[in-house]
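Chemist: Sequence:
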Amino acid sequence: MKMKVKYVVLGAVLLILALIGGFWLMLDREREQFEREKEELAQLQKEAMQEELDNLSDEYEHQYNKLTLNGRETSFNLTNDSLIRQLNGERAKVDRLLEELNQVKTTNAARIAQLSREVGTLRKVLKTYVVQIDSLHAANQRLREENKAVKADFQRATSEVRQLASQRSELADKVTLAAKLDATAIHVAALDKKGKATKKIGRVETLQVSFRVAKNITAEVGVKTFYARLVMPNDEVMLKAGAGNFSFEGKSIPFSMRREVEYNGEETPIVMYWNVEEALQPGAYRLMLFESGNLIGSHTFSL
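In the numbering used here, the protein residues as written are 58 to 360.
For the record, the hints were derived by calculation from the structure and aren't laboratory data.
Mixed in with the good hints there might be a few duds.
Pair by pair, the computed Cβ-Cβ distance ranges are [claimed, not checked]:
#, residue 1, residue 2, range
1, E319, K250, 27 to 37 Å
2, R213, V280, 23 to 33 Å
3, L221, P339, 49 to 59 Å
Computed list of lysine-lysine pairs in DSBU-like fashion (alpha-carbon distance at most 35 Å, straight line) [to be verified]:
#, residue 1, residue 2
4, K123, K181
5, K297, K253
6, K297, K308
7, K308, K272
8, K297, K256
9, K256, K205
10, K150, K205
11, K256, K281
12, K272, K256
13, K297, K257
14, K150, K181
15, K272, K297
16, K272, K251
17, K297, K281
18, K184, K205
19, K184, K237
20, K281, K253
21, K281, K237
22, K281, K308
23, K123, K208
24, K297, K237
For every residue, glycine included, the Cβ atom is placed at its ideal position computed from N, Cα and C.
All chains, full assembly: derive it from the sequences and hints.
Modeler: Structure (structure tokens):
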């Protein structure tokens, strides 16, 4: 009977030991499964952080390029330089985290969790930079548009000024042309010593030049100086000793006679006399009349 009890007790103990062993074996397998799943989860976290850090690096690069482009086109250089330095600092942090993430083991869950928090911080920081850079970019865009508008207004104003200047110049030319005097009814009479007309060249003592200054209400009134040039058939200008000059087309040329006359804008008759002291040549003579540097009339006559 005692032996039977011993066997029963021994069997019970063995059964209990077997159950305990099986339980611990099951726990060990579950622990191994848990560790594998934890490592797989950590690996997935690492891969996700790796991808996010790559995206952050690309986004920092994109924002950097936007900022440096703006810096070449705007006057925000001081602001840009400060942001560029900050962006470079944050991008260096991203590179450091990438390097550390590649080195950390999947079993180091605490460090992976810490790295995940740092990635989240970098993500938030990036958002603030995106807002600043977008704001700067928008301000830059507005500035470019304003510059375009200012340039367009300036070009339009410049064009209008040029047009007005051209119109004013044309008007001034028209006024100048309208104000130019005009000699009409030009006549040259050959007179003898008695003051009578003669056709014999040897008897000519005086050449009488007469003409009328046409009415011109545009011209300035006042004393006007009229110049006459008599040119002989050999193209020699008839001059007196000590004859003066006047200005015509930018040159100083001699005159045969001159006379000052009060002109009031109405038709005005003028007569000049040339005392013949030189030997006259038979042929065609030319008379040219000038006032204020303008040729106001011409006439050809024969002796």
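Chemist: Taking the earlier hints as the rules, which of them does this structure contradict?
Modeler: 2, 9, 10, 19
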